[in-house]
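Q: Here's the letter readout for the chains.
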Amino acid sequence: MPAADVIVLQRLCKAYATAAGAVPVLRDIDLSIGAGESVAIMGPSGSGKSTLMNILGCLDVPTSGRYVLDGSDVSAMDGDTRARLRNRVLGFVFQGFNLLPRADLVDNVALPLLYAGVPSAERRSRAAETLARVGLKGFERYLPSQVSGGQQQRVAIARALVNRPRVILADEPTGNLDTHTSGDIMQLFSALNRADGITLVLVTHQEEVADYAHRRVMLVDGRIVSDQPIPRSASAVEVSR
Amino acid sequence: MIGEMLLEAWHSMRANRMRSVLTMLGMVIGVAAVILMVAVGQGAQMSVNASIASMGSNLFIVLSGSATSGGLRMGTGAMPTLTTGDAAAIAELPAVGAVAPMVPGTTQVVYGPNNWSTVVVGTSPDMLTVRDWTIARGSAFSEADVRSAAKVAVLGQTVASNLFGDQDPVGRTLRIKQSPFVVVGVLAAKGQSLTGQDQDDTVLVPVTTAQRKLFGTQFPGTVRLIMVQARSAALMRQAEQEMTSLLRQRHHLPARADNDFDIRNLTALANTAAQTTRVMSVMLGAIASVSLLVGGIGIMNIMLVSVTERTREIGIRMAIGARRRDILLQFLLEAVILSLLGCFIGALCGIGGAVAAHALAGTAVVVTAVSVLVAFALASAVGVFFGYYPARRAAAMQPVDALRYQ
Chain H
1 MPAADVIVLQ RLCKAYATAA GAVPVLRDID LSIGAGESVA IMGPSGSGKS
51 TLMNILGCLD VPTSGRYVLD GSDVSAMDGD TRARLRNRVL GFVFQGFNLL
101 PRADLVDNVA LPLLYAGVPS AERRSRAAET LARVGLKGFE RYLPSQVSGG
151 QQQRVAIARA LVNRPRVILA DEPTGNLDTH TSGDIMQLFS ALNRADGITL
201 VLVTHQEEVA DYAHRRVMLV DGRIVSDQPI PRSASAVEVS R
Chain D
242 MIGEMLLEAW HSMRANRMRS VLTMLGMVIG VAAVILMVAV GQGAQMSVNA
292 SIASMGSNLF IVLSGSATSG GLRMGTGAMP TLTTGDAAAI AELPAVGAVA
342 PMVPGTTQVV YGPNNWSTVV VGTSPDMLTV RDWTIARGSA FSEADVRSAA
392 KVAVLGQTVA SNLFGDQDPV GRTLRIKQSP FVVVGVLAAK GQSLTGQDQD
442 DTVLVPVTTA QRKLFGTQFP GTVRLIMVQA RSAALMRQAE QEMTSLLRQR
492 HHLPARADND FDIRNLTALA NTAAQTTRVM SVMLGAIASV SLLVGGIGIM
542 NIMLVSVTER TREIGIRMAI GARRRDILLQ FLLEAVILSL LGCFIGALCG
592 IGGAVAAHAL AGTAVVVTAV SVLVAFALAS AVGVFFGYYP ARRAAAMQPV
642 DALRYQ
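In order, the protein sequence lines correspond to chains H and D. First residue of the first sequence: 1, per the working numbering; consecutive thereafter. First residue of the second sequence: 242, per the working numbering; consecutive thereafter.
Keep in mind that a hint or two might mislead.
FRET-style restraints, in silico, Cβ to Cβ [what the hints assert, rightly or not]:
#1 247(D) - 78(H): 25 to 33 Å
#2 179(H) - 546(D): 39 to 47 Å
#3 244(D) - 226(H): 49 to 57 Å
#4 633(D) - 116(H): 18 to 26 Å
#5 116(H) - 600(D): 53 to 61 Å
#6 226(H) - 633(D): 54 to 62 Å
#7 132(H) - 531(D): 51 to 59 Å
#8 600(D) - 117(H): 49 to 57 Å
#9 546(D) - 45(H): 32 to 40 Å
Quick look at which bits of chain H chain D covers, simulated, 3 or more residues with Cβ under 8 Å [unchecked claim]:
#10 20-34
#11 109-119
Honestly, the hints are just simulated from the structure, not real lab data. Quick reminder that beta carbons are idealized off the backbone N, C-alpha and C, glycines included.
With these hints in hand, go ahead and build the complete structure from the sequences.
A: Right, dumping it as C-alpha cells:
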C-alpha cells in the first residue's frame, strides 16, 4: 500500500476577501494522500471542491495552513517553483478540456514539454507516443475542434501525462461528457493509476464516477465530513475488468 | 527555447492575420515616414553642400568701402578704392593662397547671328583656383595675357551653348562691346549657386583688358572686388587680420578712420546655410519619429486586447507549467516581431518612396544605411517598450483567475 504520502494538507484554510469581509471557503482541511492512491473528492456545489483542487494543483495559494507536495512545502514556494511543480509533478485535467484551439493535438500534448525545456524532436515523439497511449494514434494533426468531446478529454489526459507526473488532478473530468464516454475516460484514469502508479485525485459529483476511485472524501461547507475507502466490491474498476 | 517561442508568436500572429496587419500598418507608416523624411532632409543638405563646394572653399571677398558725400551715404563699393595693386599685395600675404581681382560688367556678347547678355568678368588666371573651377576645353588665359591686356576670353557653359550651340568655341572670335575676343577655353559646368544664380552664365577675360577696353572708369586700375582664398580653414582669421592691416596701410588710413573697404567671409555664410538645412533635416526626422511613436502605441493597444482575449490561453499555459517569464517572453516576442516586420515593410516603402520622389519630382534624396538602421533600432525599441506593459500584465495574472476567465 502507499509507501509515502505524496500529498499532505495540514489545517489548510482558504478565504476570499469580499466587500462584506473574508468569506471562508475551506476550513481546517487535514488530508493525506499516499502515493498510488486514487481519491474522489465529492460534495455539493459551493462546498469548496474546486478551490481545494486549485490549491492541490498549485494554481491557487491557501490563506493559511500547510501543503506539502511530494516532500516539499508548497506554501513557502515562489511562483516559478510552483510553476515547476505544475510542470513536473502534477498533471491537470479540466472539465472543459482547456486545449489550445489553434494548436493541433500533438502540439497541445507537447506543450508541457516546451516549458520543461525538452528539445523539439523529443517533444514531438513523446507527445505522439502519449497520444497513441490514450488511443488517438493517427489524430496528431487534427485540431481540437475537429474531434469529439471524449477525444478532446483524452488529449487533455495525454497532455497531463506527457511529462510523467506523480499526481494527476482531475476536476470534473467527465462533467461535459455523456455516460458512455465518461466510462471510457474513467477506465483510462484507473488504468493509469493501476499500471503506472500515478496518484489520482478527482473531483466529481457523480456517484458512478466516484466509484472508480478507492477512497472517497466528502466536503460540505469547506470541511471534510467523511473520508472512507470505497469497498473493493463496489469499485467499478473490478466490475469493468 | 527562444526559437520555440518565436514559432509560437508567429503562429499566433498568423491566426489573427487582419489584426496583425493593422497593427503593423502603424509601424510601416512610421518607419517609412522616418526614412523618407530623413532622405529628403539629407538630400537638401547634400545639394546645399554641393553649392557650397562649387563656390570654392575658405573664401573672402574684399569690397570697396562705402563713401559719404555731402551727407549722402552711398552703398558698399560706391567708392572704387581697391586696385589691382591691392590684389597683388594681398597675394603676397602669408595666410593667403590665391587672389583674383574682379571687374564685372553686364554686357552683350555676339557671335555671328547669335547674341547673349551675360556677366563679363575681368580677372586673373587665379580665379580658377579661388573658385575651384576647371577648364572643360581649351585652356585658361595666362598671366602674360593679363600683362598685355590681350583680347581673349574663357566662356561659361551657358554662354558657350547659347552662342555656339554644338560647335566648339575654342579658337573662334566673338565680339564683346564691338571688340573682337578670341575664345581660348570653356569652363566646366558648375550649376546653381546657393542663391540660385547660374554660375555658368559668365565670360572671363583678363582684368587689364576689362579695365582698359570694356569697363573703363575715371579711376584707372581699380577693381570692383577681390576674391581671396585663405591657405586653409584654420588660417581664415589670420588672413582677415593680415588683409585689414595691409589695406589700411596701403590706403594710408589714419588710426581712427574707418576702413574704406569691406572684407566678407563667404565660408561663414555658407556654413550658416548648411547649418540651416541640417536643422531642417533633424526636424523632419523628429516629426517622422512621432509617427513611429504612434505606431508603437498602436502595438501596445493591440497587445493589450490580445492579452485580454487570450487570458484563458495564458491560464492553460500556466497550469501546465509556464513560468511568468515564459508568458512575458511570448508576448514580448510577439510585439517585437510585429514591430520588426512592420519596420522591414516600412523600410521598403520608405526607400521606394524616396526613389519614386526622386524619379517623379526630381527631389534630391539620400537614403543612408544609418537612417535605415536608426529606424530599425527605433522600431525594435518601440516594440519592446510598448510590448512590455501588456506582456507584464499577461505574466502577472494569477493562474486560477486566468483559467476562470470566459
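Q: Which of the listed hints are not met by the structure?
A: Hints 6 and 10 contradicted; others consistent.
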